[in-house]
Amino acid sequence: MSTFPIEPLLHHSSLRNNSKIYRGARGLLPCSLNLSSQFTSKKLHSIGRSVVGSRTSLGLRSSNHRRSVAIRASSSDTAVVETSQSDDVVFKENFSVQRIEKAEGKIYVRLKQVKEDNWELTVGCSLPGKWIIHWGVSYVGDTGSEWDQPPEDMRPPGSIAIKDYAIETPLEKSSEGDSFYEVTINLNLESSVAALNFVLKDEETGAWYQHKGRDFKVPLVDDVPDNGNLIGAKKGFGPIGQVTNIIVKPDEPGADVQEKSSSDLTKERKGLEEFYEEMPISKHVADDNSVSVTARKCPATSKNVVSIETDLPGDVTVHWGVCKNGSKKWEIPAEPYPEETSLFKNKALRTRLQRKDDGNGSFGLFSLDGNLEGLCFVLKLNENTWLNNRGEDFYVPFLTSSSLPVETEAAQVSEKTPKTNQEVSDSAFTNEIITEIRNLAIDISSHKNQKTNVKEVQVNILQEIEKLAAEAYSIFRSTTPTFSEESVLEAEVEKPEIKISSGTGSGFEILCQGFNWESHKSGRWYLELQEKADELASLGFTVLWLPPPTESVSPEGYMPKDLYNLNSRYGTIDELKDTVRKFHKVGIKVLGDAVLNHRCAHFKNQNGVWNLFGGRLNWDDRAVVADDPHFQGRGNKSSGDNFHAAPNIDHSQDFVRKDIKEWLCWMREEVGYDGWRLDFVRGFWGGYVKDYMDASKPYFAVGEYWDSLSYTYGEMDYNQDAHRQRIVDWINATSGAAGAFDVTTKGILHTALQKCEYWRLSDPKGKPPGVVGWWPSRAVTFIENHDTGSTQGHWRFPGGKEMQGYAYILTHPGTPAVFFDHIFSDYHSEIASLLSLRNRQKLHCRSVVNIDKSERDVYAAIIDEKVAMKIGPGHYDPPNGSKNWSVAVEGRDYKVWETS
Amino acid sequence: MEVSVIGNPQARICRSELVYRELGFRFGSEVISGESRNRVSFRSQISKLKEIGIRCSSRSVKCEAIISDQVPFLNSTPKSRSLESVKLFVGLPLDTVSDCYNVNHMKAITAGLKALKLLGVEGIELPIFWGVVEKEAAGKYEWSGYLAVAEIVKKVGLKLHASLSFHGSKDPEIGLPDWVSKIGEAEPGLYFTDRYGNQYHDCLSFAVDDAPVLDGRTPMEVYRGFCESFKSAFSDYMGNTITGITLGMGPDGELRYPSHQHDDKFSGAGEFQCYDKYMLSALKQYAESTGNPLWGLGGPHDAPTYNQQPHSSSFFSDGGSWESQYGDFFLSWYSSLLISHADRVLSVASSAFNGSGVSVCGKLPLLHQWHKLRSQPSELTAGFYSSNGQDRYEAIAEIFAKNSCRMIIPGMDLSDEHQPPESLSSPESLLAHIKTSCKKQGVVVSGQNSSVPVPGGFERIVENLEDENAGIDLFTYQRMGARFFSPEHFHAFAVFVRNMNQFELSSQDQAGENVAESLSIGSGTGAASLQAA
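Chains as they are written, first to last, in full-length UniProt numbering: chain G, 1 to 900; chain P, 1 to 533.
Incorrect hints may have been included.
Taking beta-carbon pairs under 7 angstroms as the criterion, some of the chain P residues facing chain G (in silico) [unchecked claim]:
| hint | residue |
| --- | --- |
| 1 | Lys107 |
| 2 | Gly112 |
| 3 | Gly389 |
Subject to a maximum C-alpha distance of 27 angstroms in a straight line, what follows is the list of computed DSS-like cross-link-like pairs (lysine-lysine) [stated by the list, open to error]:
| hint | chain 1 | residue 1 | chain 2 | residue 2 |
| --- | --- | --- | --- | --- |
| 4 | G | Lys842 | G | Lys697 |
| 5 | G | Lys112 | G | Lys217 |
| 6 | P | Lys372 | P | Lys440 |
| 7 | G | Lys765 | P | Lys170 |
| 8 | G | Lys173 | G | Lys130 |
| 9 | P | Lys372 | P | Lys87 |
| 10 | G | Lys217 | G | Lys173 |
| 11 | G | Lys637 | P | Lys87 |
| 12 | G | Lys467 | P | Lys87 |
| 13 | G | Lys765 | G | Lys883 |
| 14 | G | Lys842 | G | Lys582 |
| 15 | P | Lys107 | G | Lys690 |
| 16 | P | Lys107 | G | Lys467 |
| 17 | P | Lys107 | G | Lys130 |
| 18 | G | Lys604 | G | Lys637 |
| 19 | G | Lys604 | G | Lys217 |
| 20 | G | Lys755 | G | Lys895 |
| 21 | G | Lys130 | G | Lys112 |
Hint data in this document are derived by calculation from the structure and do not stem from the laboratory.
None of these values were measured; they are calculated from a predicted model.
Glycine residues also receive a C-beta, built at the ideal position from the N, C-alpha and C atoms.
Whenever a hint applies, use it, and build me the whole structure from the sequences.
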């Protein structure tokens with residue numbers, strides 16, 4: 001039988017070779033040829049002849065294969081051609097086509113008491129798919145809507161932890177014949193789990209299923225006052241009101257609650273009852289149908305008679321044309337046309353197929369001139385649904401006596417068969433690639449929709465290339481550990497020293513963080529800061545970091561909402577502009593704090609989730625990453641870590657990047673910012689930051705890449721290479737367009753100073769152990785900021801030892817940043833002396849540091865051979881030699897010398 | 001009860017959009033069929049059409065198609081020679097397959113290959129080591145790791161060029177097969193040896209080529225067996241995925257004596273390697289047959305050591321021994337062994353792979369150091385010599401021509417200006433010289449870069465490829481790995497490839513508009529069908 005699996009969605013340029021397998025009308029013996037790629041047999045099978053013109057359509061697959069077939073079909077690539085006894089048949093093929101259909105089913109949730117204290121929660125689904133339950137728990141006493149990971153003993157086998165707040169467990173068929181997919185979770189009622197939250201995900205389609213736009217929530221206790229009340233209100237356990245997101249009695253018409261039993265209350269967990277609930281769901285699945293085409297030459301009239309029949313349900317229209325003169329250009333044949341045919345814009349004909357008597361599909365007969373070469377067609381199911389032959393038109397060749405290609409073509413096919421077979425054997429791999437390239441194609445085609453030009457498509461491909469390369473790089477690099485440092489150093493050398501680059505400015509920058517966590521409180525911070533401009537300039541600062549300027553949900557500014565509204569708790573846009581002007585006047589560059597990772601939404605979507613934006617950048621949920629179920633983004637998966645308190649922006653979207661670039665440029669222009677401090681850059685790929693920096697051309701830029709150092713048994717590891725490598729990787733991803741805060745150095749200073757372990761301050765190669773030891777020109781050293789210190793104190797520098805920290809960072813390479821609170825404190829004069837020393841001796845971000853001593857109680861180093869420093873209680877004197885050292889600054893447990 | 005779907009299934013969007021996309025193309029062809037014909041007429045798709053790859057490959061072709069659409073419009077830029085005809089290959093890491101037959105960093109390689117495919121690279125060079133495949137026992141071949149790589153390459157839709165390496169490598173450390181090393185312990189004469197008795201363990205001496213030293217078989221027989229086994233193991237790939245095979249001809253696969261063994265940036269003259277048992281006996285025999293038995297007792301006594309300057313002793317100086325009658329005697333013999341080795345290896349290869357649809361190649365070294373000295377000591381110690389000041393490479397090129405083999409010349413990224421002046425080096429003139437010799441003999445040249453990145457390398461490669469005279473149509477870029485994919489390097493590489501493909505990010509041309517138009521016809525349908533879905 002001739003079968004030709006087709007899949008309309010995959011473009012297949014090589015197909016044409018395959019599909020034109022036919023035989024001549026005369027001069028050839030009837031033969032039968034069956035090529036199948038679905039089996040590993042490399043031989044060509046010859047099978048029995050079939051009756052020509054059979055009305056039976058050869059549906060390839062039953063509909064319950066559905067979606068999974070879509071991909072598998074891609075591996076069968078060979079046309080199976082059948083010629084028959086009857087001489088007048090010139091072409092016969094059976095194409096399989098796929099239609100997207102909505103399948104309906106149900107999700108059910110069952111809570112069951114197995115033994116006294118042993119309960120089971122079962123979640124199931126009746127639709128086929130690769131179902132995953134994405135779940136977490138709330139503990140007694142939790143207030144927010146955040147999830148926690150369940151205790152180990154509750155996790156069914158096969159569960160995977162997703163970050164630190166959820167578990168994913170696949171749903172499985174309980175037996176082969178079973179049509180339900182389900183998972184059973186044993187509830188541990190000993191633990192203080194108060195409720196179980198989940199959403200369902202279909203891995204095949206990537207779709208998330210929620211309940212009323214929220215998580216499914218199954219409460220397990222009633223002895224928490226809140227819940228107890230609610231349960232009381234609802235009489236016993238069971239579905240609880242919307243207020244707490246808890247499963248509610250179905251209020252959608254047609255939803256069908258089959259059963260809801262209530263058993264006796266248990267004494268321990270009063271109100272916990274068995275229940276069973278069902279909810280209807282629907283899913284789009286692909287349905288396979290077939291189209292079989294037979295062309296015959298009528299000897300009497302020398303006409304070609306084509307019969308098309310299909311088992312596609314409903315009305316089917318054939319949109320067709322004929323081919324002449326060897327081209328596949330569509331032309332309109334001469335009349336007469338079949339019944340129910342209309343002319344479409346002078347370019348094609350449309351013929352509606354007749355329904356078959358038995359109701360299963362339809363058919364049509366087309367009688368065409370004998371001198372035509374072929375018939376091209378596509379199928380139209382309704383205004384919006386078209387089917388074609390894997391990206392090509394269906395093509396029915398009519399043979400003329402001059403071309404008798406059967407033998408040669410058949411030979412070609414037989415050559416190809418073994419190859420195809422191999423491909424089948426490894427379809428998993430293939431599928432993966434197909435998916436990836438398909439995803440790429442989505443990007444491309446979505447661009448086309450926006451009528452953007454080829455350039456953007458190319459940029460898109462280039463970005464994909466860059467991502468793949470970055471992936472390859474990270475794996476290769478991890479297996480060649482010594483590489484990174486050298487390469488970075490080399491890259492360093494290549495850069496001309498004087499050039500101003502956005503990561504470093506001139507190389508002589510000294511940063512001042514111009515606010516703390518409380519600065520918003522006065523409502524006039526910009527004005528207050530302005531008054532200090534002269535003082536900051538005279539201290540020797542060259543760059544000032546201002547707080548985030550946008551409208552924000554939180555007063556500190558880190559939950560931005562309307563990016564173009566620059567009236568914040570720090571002051572108005574005019575005050576901001578005025579402040580920037582003022583600082584420029586005293587020679588200080590100003591950095592804006594750009595929060596690009598997340599943005600708070602203005603509106604809720606139809607599910608009640610806040611993910612639609614307003615203001616000038618009125619993005620929709622495509623701007624939100626897809627892998628945080630709390631915000632139901634329709635973008636791509638995040639290219640970094642997620643920040644859970646607000647929708648994370650999907651920077652892979654072109655429109656998002658375009659808007660952000662525009663915004664940054666506007667801020668440069670309008671406010672006068674010279675550069676950026678970039679918030680939470682762990683949240684998205686550094687390559688995008690490069691893009692932003694290239695567009696906004698900052699004088700200086702620094703990103704906050706803050707994650708945890710490595711500890712073993714509570715003790716900080718000596719070697720923090722992995723930590724600084726992650727930061728260096730990020731800088732690298734930006735191609736060095738931005739520097740990064742040297743969190744590694746801060747962390748090591750903490751332990752070294754606090755525990756008197758100054759030996760930590762030299763790495764095994766005798767260099768500084770932080771980012772500054774590897775890539776000094778991109779390291780922004782600091783000891784405190786608004787998060788680590790101030791009134792938040794998330795990771796405060798050891799008290800009383802701040803000056804040792806400043807003695808270190810203000811003498812060492814890297815670009816030092818001084819925290820506002822420290823400047824205007826008792827340390828004022830000591831910091832001022834260090835700043836003036838740094839400027840006087842022209843130390844810069846690439847200064848050379850020679851570590852002279854790194855022992856238990858003292859660390860000493862000589863920088864650029866003109867400044868010597870020591871920190872720690874131990875004794876140190878710079879070497880007596882040709883140099884004449886004089887003490888420049890001195891304080892508690894630190895001392896700095898300079899050559900005179 | 002209400003359940004809602006959130007997050008749109010990506011695959012499905014794609015599905016419907018692609019439906020429209022294809023339809024869009026069709027309608028496009030109706031409306032502006034002229035333009036849409038163009039879409040299939042660019043360079044690489046035609047070749048792809050013949051080969052029914054897996055879907056992925058045809059789809060990658062599609063991506064490529066979009067890139068390549070630009071080609072016709074950029075052709076107008078005057079170039080001495082169009083680079084479009086040059087096929088670009090990239091070498092896989094030497095340790096792609098571990099000695100336990102596993103594929104190392106499979107994931108990285110897969111991602112890397114996809115990136116290269118999208119970039120428009122033609123194929124991949126895969127180094128296959130004798131010491132891995134035939135590691136345990138003679139005739140016991142284990143191809144699985146390399147087969148797995150070939151399969152990935154094929155799936156991604158790239159071509160494959162296999163380098164059969166009969167040498168070992170220091171970094172990463174890959175030796176000769178264990179069983180060969182074992183024989184070598186008992187019979188040290190297998191290895192090249194210098195005058196101090198130091199052996200070079202990464203390659204067998206040319207003098208044992210036809211000696212039955214490997215359990216009664218000669219190395220040539222063993223190499224032939226290896227080639228035959230390769231051919232049958234990879235029969236499914238030969239001529240389609242695999243388009244070329246390079247035979248290892250000596251140390252690091254290059255046709256030369258291991259005269260420079262220390263990978264110093266600035267090395268000395270190198271050392272003659274003629275002190276193993278078989279070499280010495282061949283030398284003795286030759287000396288006796290030419291009537292100078294005393295010359296057959298050893299190599300030149302006045303040659304410098306590996307890292308000594310050529311002038312530190314008298315052999316290579318002007319009027320030194322190399323120009324004497326003795327010098328001619330010794331160097332002729334020394335280079336003749338190299339030439340006959342080349343002939344043996346290449347004839348093994350061409351007989352093994354004749355008719356399997358692949359091109360056979362051998363690689364020469366580019367011994368550019370001291371090239372400006374009259375004696376050219378680096379070339380002499382490596383075995384390149386010709387009496388009476390004749391062309392030292394012509395005889396070699398003749399052997400390549402005789403066996404219909406291509407010659408790979410490395411170092412196409414090197415330029416004179418970046419060489420330390422004290423090395424008296426001239427990669428450019430040496431390269432030009434070898435190319436001329438090849439042209440004279442009708443040998444097709446393929447290019448390679450040197451393994452260490454050099455400043456200005458890409459520009460120099462382009463210059464070499466544009467050279468009308470050499471007509472280089474294949475270039476292999478060495479080599480994939482961490483450095484290759486590091487942002488600094490990969491970016492430069494991508495620019496290089498784009499230049500070769502003449503693919504630039506210009507959007508001002510007509511093609512872009514046409515494509516956009518034909519697609520926008522489809523987009524209405526697409527959007528609608530999405531809703532329907």
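Hints and how they fare:
{"no.": "1", "hint": "Lys107", "in the structure": "holds, 6 angstroms"}
{"no.": "2", "hint": "Gly112", "in the structure": "holds, 4 angstroms"}
{"no.": "3", "hint": "Gly389", "in the structure": "violated, 42 angstroms"}
{"no.": "4", "hint": "G:Lys842 / G:Lys697", "in the structure": "holds, 26 angstroms"}
{"no.": "5", "hint": "G:Lys112 / G:Lys217", "in the structure": "holds, 16 angstroms"}
{"no.": "6", "hint": "P:Lys372 / P:Lys440", "in the structure": "holds, 23 angstroms"}
{"no.": "7", "hint": "G:Lys765 / P:Lys170", "in the structure": "holds, 25 angstroms"}
{"no.": "8", "hint": "G:Lys173 / G:Lys130", "in the structure": "holds, 10 angstroms"}
{"no.": "9", "hint": "P:Lys372 / P:Lys87", "in the structure": "violated, 32 angstroms"}
{"no.": "10", "hint": "G:Lys217 / G:Lys173", "in the structure": "holds, 23 angstroms"}
{"no.": "11", "hint": "G:Lys637 / P:Lys87", "in the structure": "violated, 36 angstroms"}
{"no.": "12", "hint": "G:Lys467 / P:Lys87", "in the structure": "holds, 24 angstroms"}
{"no.": "13", "hint": "G:Lys765 / G:Lys883", "in the structure": "holds, 26 angstroms"}
{"no.": "14", "hint": "G:Lys842 / G:Lys582", "in the structure": "holds, 26 angstroms"}
{"no.": "15", "hint": "P:Lys107 / G:Lys690", "in the structure": "holds, 26 angstroms"}
{"no.": "16", "hint": "P:Lys107 / G:Lys467", "in the structure": "holds, 13 angstroms"}
{"no.": "17", "hint": "P:Lys107 / G:Lys130", "in the structure": "holds, 24 angstroms"}
{"no.": "18", "hint": "G:Lys604 / G:Lys637", "in the structure": "holds, 21 angstroms"}
{"no.": "19", "hint": "G:Lys604 / G:Lys217", "in the structure": "holds, 20 angstroms"}
{"no.": "20", "hint": "G:Lys755 / G:Lys895", "in the structure": "holds, 19 angstroms"}
{"no.": "21", "hint": "G:Lys130 / G:Lys112", "in the structure": "holds, 25 angstroms"}
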